[in-house]
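Visitor: The residues making up each chain are set out below.
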Amino acid sequence: AQSVTQPDIHITVSEGASLELRCNYSYGATPYLFWYVQSPGQGLQLLLKYFSGDTLVQGIKGFEAEFKRSQSSFNLRKPSVHWSDAAEYFCAVGGNDMRFGAGTRLTVKP
Amino acid sequence: SAVISQKPSRDICQRGTSLTIQCQVDSQVTMMFWYRQQPGQSLTLIATANQGSEATYESGFVIDKFPISRPNLTFSTLTVSNMSPEDSSIYLCSAHGGEGIQYFGAGTRLSVL
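For the protein sequence lines, the chains are A and B, in the order given.
Just so you know, we're using this note's numbering here: the first sequence kicks off at 32 and counts up by one.
Just so you know, we're using this note's numbering here: the second sequence kicks off at 466 and counts up by one.
Rather than coming from a laboratory, the hints here were simulated on the basis of the structure.
Hints are supplied without guarantee of correctness; some may be wrong.
Computed far set for chain A versus chain B, every beta-carbon distance over 12 Å [as the list claims (entries may be wrong)]:
| id | residue |
| --- | --- |
| 1 | L50 |
| 2 | E51 |
| 3 | D85 |
| 4 | Q102 |
| 5 | S115 |
| 6 | V139 |
For lysine-lysine, the following DSSO-like pairs were computed, each having C-alpha atoms within a straight-line distance of at most 30 Å [as the list claims (entries may be wrong)]:
| id | chain 1 | residue 1 | chain 2 | residue 2 |
| --- | --- | --- | --- | --- |
| 7 | A | K92 | A | K80 |
| 8 | A | K92 | B | K530 |
| 9 | A | K140 | A | K80 |
| 10 | A | K99 | A | K80 |
| 11 | A | K80 | B | K472 |
| 12 | B | K530 | B | K472 |
We treat Cβ as the ideally placed atom computed from N, Cα and C, and that holds for glycine.
Isolated chain A, as found in the complex (with noise of 0.2 Å):
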């Protein structure tokens, strides 16, 4: 069965420094695997998505993922935070039958 893990519950970073958010999943073929972020009191919005080719996929908001087979990670990157990245980070495997991480909360220090 597809599952998703997402080893971190809460990351703090300062404004301006980089951020990775892991993501490892399990999955019997190559994987759909998507990263979405919920502002508080919103919905979900897919900022980005990788289905094949090449392994580093930009999305939106300055975010990139990089799908690495070998490892089954599929980890989000951006190389400086604003402020108003703080949110919940939601990795997601599948596609019709779409499997969530437990969600990783992002805090920015000013």
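We have chain A already, so just place chain B on it with the hints.
Guide: Chain B only, in chain A's frame:
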């Protein structure tokens, strides 16, 4: 992409009552989904709703408690029936937008007293 409008955005309900949540998509979609997000938790799929057929429920969710309608390709409703405080959650609908992507509404924040 698809724009999902969900209402109500929040509600406070009494124990034993029912609430119907509406989800409107700005384009025709085959598959829509309903999720529950309990406080501080991730999303749990309640059911998949295809137009013209009965919704498919995930383990732990039953039609009597969460009846779903899907009358056309742009609209769905989820009813939370005979509510108890344990039903206090965020309920989210999503639409399948192709290439495995799901687009989400802003959610309904339900509190049951």
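Visitor: Does each hint hold? Answer for all of them.
Guide: Do the hints match the structure? See the list:
1. L50: Consistent with the label, L50(A) stays out of reach of chain B, its closest Cβ about 20 Å off (over 12 Å).
2. E51: About 20 Å separates E51(A) from the closest Cβ of chain B, which puts it past 12 Å; holds.
3. D85: holds (15 Å)
4. Q102: holds (22 Å)
5. S115: The claim stands: S115(A) keeps its Cβ more than 12 Å from every Cβ of chain B (closest is about 18 Å).
6. V139: Per Cβ check, V139(A) is outside 12 Å of chain B; nearest 19 Å; holds.
7. K92(A) x K80(A): holds (14 Å)
8. K92(A) x K530(B): violated (39 Å)
9. K140(A) x K80(A): Answer holds: K140(A) to K80(A) is near 28 Å, not above 30 Å.
10. K99(A) x K80(A): holds (14 Å)
11. K80(A) x K472(B): holds (27 Å)
12. K530(B) x K472(B): holds (19 Å)
Violated hints amount to a single one, hint 8; each of the other numbered hints is respected by the structure.
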